[in-house]
Amino acid sequence: MERAAPPKLDLRGPDRAIPVLLLLGLVLLPFLAGSSGYVLQVFTHALLLATLALAWNILGASGSVSLGHAAFFGVGAYGSGLLSLKPGLSPWFTIPVGGLFAAVLAVVMGLFCRRLRGAYFALATLAFVEIPRVVTDNWEGLTRGSLGLVGLPGLPALTLGPWRVEIGSSAGASYYLVLSYAVVVVFLVALLWESNLGLALQAAREEETAAKAVGIHVDRYRFLSLLLSACLTGISGAIYVHLTRYTVPGLVYSLHFSAVPMIFAMCGGRFTILGPALAALVLYPVDQFLFHPLLPAGHEFLYGLLLILVVLFMPGGFWGALRRSP
Amino acid sequence: MWITALVSGIALGSFYSLIAMGFALIFGVTHAFNLAHGELVVLAGYVAYWVWKGWGLSLVLTFPVAVAALFCLCLILQRLFSLLREPLELNSIVMSFGLAILLQNGMLFAFSGDYRLIRAPVLTEGVHVNGLSLTYGQITLVVLSLVAIGLLHLLMHQTYLGKALRATIQDREGAALAGINVRVMGLVAFGIGALCIGLAGPLYGSIHYLYPTAGLQATLLAVTITIFAGVGRIRGLIVGGWLLGLVESAAVILLGSSWRELVSAVILIALLVFRPRGILGREEG
Amino acid sequence: MLAWRATIVFCLLVFLVASPSAFAASIKIGDIHPLTGRLAKHGLESHQGVVAALAEVNEAGGILGRQVELVSRDDQSLPDVAISRAEELCAREKVVGLTGGYEDSLVGAVSEVARKYQVPFVASASLQTELSRHENPYFFRVATLQGFVEPLCDFLSVRLRPQRLAILHAATPGATEFAADLERCLQARGIPARLVEKFRPGTPDFVPLIAKLATLPVDVLVSGGFFPDHLLLVRQLREQRLSPKAYIGPWGIAYETFLEEMGENAEYLYGTCAWMPGITLPGTEAASRAFVERCRRLFRREPSSTTMHGYTAARALLAAIDEVLRRGQALTGANVRRALAGLDLLLPMERLAFDERGDPRSYRHVVVQVQGGRFVVVYPPERATGSAVYPAPPWRQRP
Chain A
0 MERAAPPKLD LRGPDRAIPV LLLLGLVLLP FLAGSSGYVL QVFTHALLLA TLALAWNILG
60 ASGSVSLGHA AFFGVGAYGS GLLSLKPGLS PWFTIPVGGL FAAVLAVVMG LFCRRLRGAY
120 FALATLAFVE IPRVVTDNWE GLTRGSLGLV GLPGLPALTL GPWRVEIGSS AGASYYLVLS
180 YAVVVVFLVA LLWESNLGLA LQAAREEETA AKAVGIHVDR YRFLSLLLSA CLTGISGAIY
240 VHLTRYTVPG LVYSLHFSAV PMIFAMCGGR FTILGPALAA LVLYPVDQFL FHPLLPAGHE
300 FLYGLLLILV VLFMPGGFWG ALRRSP
Chain B
0 MWITALVSGI ALGSFYSLIA MGFALIFGVT HAFNLAHGEL VVLAGYVAYW VWKGWGLSLV
60 LTFPVAVAAL FCLCLILQRL FSLLREPLEL NSIVMSFGLA ILLQNGMLFA FSGDYRLIRA
120 PVLTEGVHVN GLSLTYGQIT LVVLSLVAIG LLHLLMHQTY LGKALRATIQ DREGAALAGI
180 NVRVMGLVAF GIGALCIGLA GPLYGSIHYL YPTAGLQATL LAVTITIFAG VGRIRGLIVG
240 GWLLGLVESA AVILLGSSWR ELVSAVILIA LLVFRPRGIL GREEG
Chain C
0 MLAWRATIVF CLLVFLVASP SAFAASIKIG DIHPLTGRLA KHGLESHQGV VAALAEVNEA
60 GGILGRQVEL VSRDDQSLPD VAISRAEELC AREKVVGLTG GYEDSLVGAV SEVARKYQVP
120 FVASASLQTE LSRHENPYFF RVATLQGFVE PLCDFLSVRL RPQRLAILHA ATPGATEFAA
180 DLERCLQARG IPARLVEKFR PGTPDFVPLI AKLATLPVDV LVSGGFFPDH LLLVRQLREQ
240 RLSPKAYIGP WGIAYETFLE EMGENAEYLY GTCAWMPGIT LPGTEAASRA FVERCRRLFR
300 REPSSTTMHG YTAARALLAA IDEVLRRGQA LTGANVRRAL AGLDLLLPME RLAFDERGDP
360 RSYRHVVVQV QGGRFVVVYP PERATGSAVY PAPPWRQRP
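Those sequence lines, one after another, are chains A, B and C.
Quick note on numbering: numbering that gives the first Met the number 0 labels position 268 of the first sequence as 267, and the sequence is numbered without any gaps.
Quick note on numbering: numbering that gives the first Met the number 0 labels position 271 of the second sequence as 270, and the sequence is numbered without any gaps.
Quick note on numbering: numbering that gives the first Met the number 0 labels position 273 of the third sequence as 272, and the sequence is numbered without any gaps.
Worth flagging that the hints you see were computed from the coordinates, not collected in a lab.
Here the structure is a predicted model, which means the values were calculated and not measured.
C-beta atoms are modelled at their ideal positions from N, C-alpha and C, and glycine is treated no differently.
Don't take every hint at face value.
What the hints assert, rightly or not - One side of the interface only, derived from the structure: several residues of chain C facing chain A at Cβ under 10 Å: (1) E86; (2) S110; (3) Y116; (4) N135; (5) A174; (6) T175; (7) R193; (8) K197; (9) D343; (10) L345.
Kindly produce the complete structure, drawing on both the sequences and the hints.
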């Protein structure tokens, strides 16, 4: 079987320079931005969206388009939020558990939607968000329903030997936490790409019947990628809710968290590792700093427009196109 | 209580089928999923509202304006969809998703988030028999959708154009081989779709309230009904619409209003999983 | 040589003398309202109230000679946007106080940011009890849920005494809590609610719900929804010929704009009102009139209760800042916060004083009914200007 060279993280040329420079810039951002906490907040959010886009792409790279990842985001958020309200449970513990809850939801979705492909799968995911959302909204005994969660604990302190960093109350520390998480996710995705799972998914995406004929368990690998994607999305949701310390069902299950990561992944490049993250880190700040002040109402049209353009003219995404040019 | 629910379910369901008609035809002929369909209906409603408010046109006169506007828009859409590459269904969903976001934000910008209503008092009047209320608005919905379905059915089965459309729906390649201009069929489908949307929009704006984010729900309804009816089946659309309206009304009564969206979602997912080719029966192949 | 030095010294002196007034920095206050999105109507009104308060203070010469500057932001009725805007105002604009918000999801989000940056936030409209229980010393609000629940509970249990009460509410935190509190209060007074249901705001069709209500059959309907929900629900009640003896809408009804939109269908509907032109706390008539005049002049429209809420919240902040500067203290968030805690101000809407949780001590609505196209106060007796028409005549007897 002819093996297409899998994209690696470290290549020569501009492919290597841009991400490294960007990482450097991000690490130095708190010092560059000076006293403006607003810039920091926008980039913290951008990094979180980057992790969502990367997580979405774990599934997206296999060819499956999900329009309902907010379901996992919300379940992770609520799972962690509710647990953290119980005495003795720190967000360090509840955040990964939130990811686990999201993975469980993915198992349920995967079981039902196992045989769905392409457009039908996308539609199913779009509708699927309503299920955890309405349940969260109505199961008042468990989730406090429409009242939402108020006064959630923030990101907890980190104690390393003699040092203690109160992450929750420091914008800078929160930023570095999210940055570190994003870097970890990037490495995870890179590892995945090179693993059997990644190769199988790429083969399945190229030609599903051929892949099956050769003995690759496409369904199994697709299912696994859905689980991983959901788990990471759930963890991001949990982090989000401990950053804002407040949530209502309408917020974490909103279309915004389904659409925006997906758009970043597609604009960045569905078949690349870094594309989704780069798109998030460029587009979200541009939207917040440039378009939002110009068009307070309706500035998100930018996302819609980009998606249309990318689907029509640049299916590999901007980063994908950039890397392909000599 | 159940009679009222029945009536409301059928009226609402007729409205749903009207919305679904345009979607079903476009999808059947071109295999393009237009996820922005609901937004187009809302946009038609806004256009109607704009001429009603700004130029003082009566409700009836807003229909041709809305249809004309949607016609132009749908022509542009048809061009966009024709540029898509394989896999067509998936790419069209993603592109139209972007379109939906674009339109939603555009409407938010142009019309603000305020709830708008085209006031046509005659629609709220009605007849009252034995404690049962039937508004003229509801009657209009039912009659209009039946007429539309009837006309569409006639078109599809009694005219040459209709035969060509049906052939394209059943088998695009075969139809092309038989000499049917598939591209023109696509244009026709979009044109008729524009007509249906242009009719549904002003109705929506006078019976319900217009607000920019109303579109997505409408789209999902259209998709549900289309899949239920089966690709290419017109009469199934009315039955599907009525059933959906009835089930929603029943759900509100039995479970409560807060479960409405979940019931619709479960129905759609069930249809997708168990019979993506339609429940009303269609031989495979 | 001497001439040069003299000139320099002279210029320095002029500079020193002129600088305090030349460099008298304006005081910056921030407000975050939903100016677009589904809450735009209300957000704009509250924002106008804030503008009116600042205009009043600035026209009188500012605070100790310093003008107050308002930095406004729109949160688009979305909590995460509210958070961004709050961060921007606190971190970048460095406002000395924040006001605004309309719904609890927005207010809650902003209050956490306020706590983080230690900038006092006086919310103009917020209901959830939770929000003030979380020991946020930087959170204050001029409205509470109790202000709605108690008057209605009294009115229903003392005056109307319904046999078959139904409570509907929107699926928002404030409305949900309102419904639960009202139900509990009435239960304790022997009036159980036969039906309590939640609907998502923006529901396009209430007819199945109305069918349910018709089977009860409901006699008093309390609808904790918003302006658009009332518009649709009342219209559909009429279409379905369901005539509850009383329809009570704690939110969205006691507004002139509601009367305009609903027309004659608004007749006999009940609402609750904290303030309205003509309905003001005894002793504040002059201030109330001045406020209405100013709003007419600035915005060419009548102010509503929501406008007054914004005004009240802003007045609280301004009074606190005034206190801090008068005492010669530094204008920091902590000092303003302390001044807010000790505030006691008689305003048209309420006598404003905050308790240790940041809640207002004496915020109470009155119950009004639409009669003859005007609002009449029907409860409590000491402020009533008319008596309630109960039961309301059924639809078929009305034009």
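Consistency of the hints with the structure:
Interface restraint check: E86(C) against chain A, minimum CB-CB distance 4 Å, threshold 10 Å, status holds. Contact between S110(C) and chain A, as hinted, is supported at the beta carbon level, the nearest pair being about 8 Å apart and thus within 10 Å. Interface hint at Y116(C): satisfied, since its Cβ lies 8 Å from the closest Cβ of chain A, which is below the 10 Å cut-off. Satisfaction of the interface hint for N135(C) is found here, the shortest Cβ-Cβ separation to chain A being roughly 8 Å, below the 10 Å cut-off.
With a least beta-carbon distance of about 8 Å to chain A, the hint placing A174(C) at the interface is held under the 10 Å criterion. The closest approach between the C-beta of T175(C) and any C-beta of chain A is roughly 4 Å, which is under the 10 Å cut-off, so the hint is satisfied. Restraint check, R193(C) versus chain A: the minimum CB separation of about 19 Å is more than 10 Å; hint violated. With a least beta-carbon distance of about 7 Å to chain A, the hint placing K197(C) at the interface is held under the 10 Å criterion.
For D343(C), the shortest C-beta to C-beta distance to chain A is roughly 28 Å, which exceeds 10 Å, and the interface hint is violated. With a cut of 10 Å, the hint placing L345(C) at the interface with chain A is violated, because the nearest CB-to-CB distance is about 31 Å.
Taken one by one, the earlier hints fail for this structure at numbers 7, 9 and 10, listed in ascending order.
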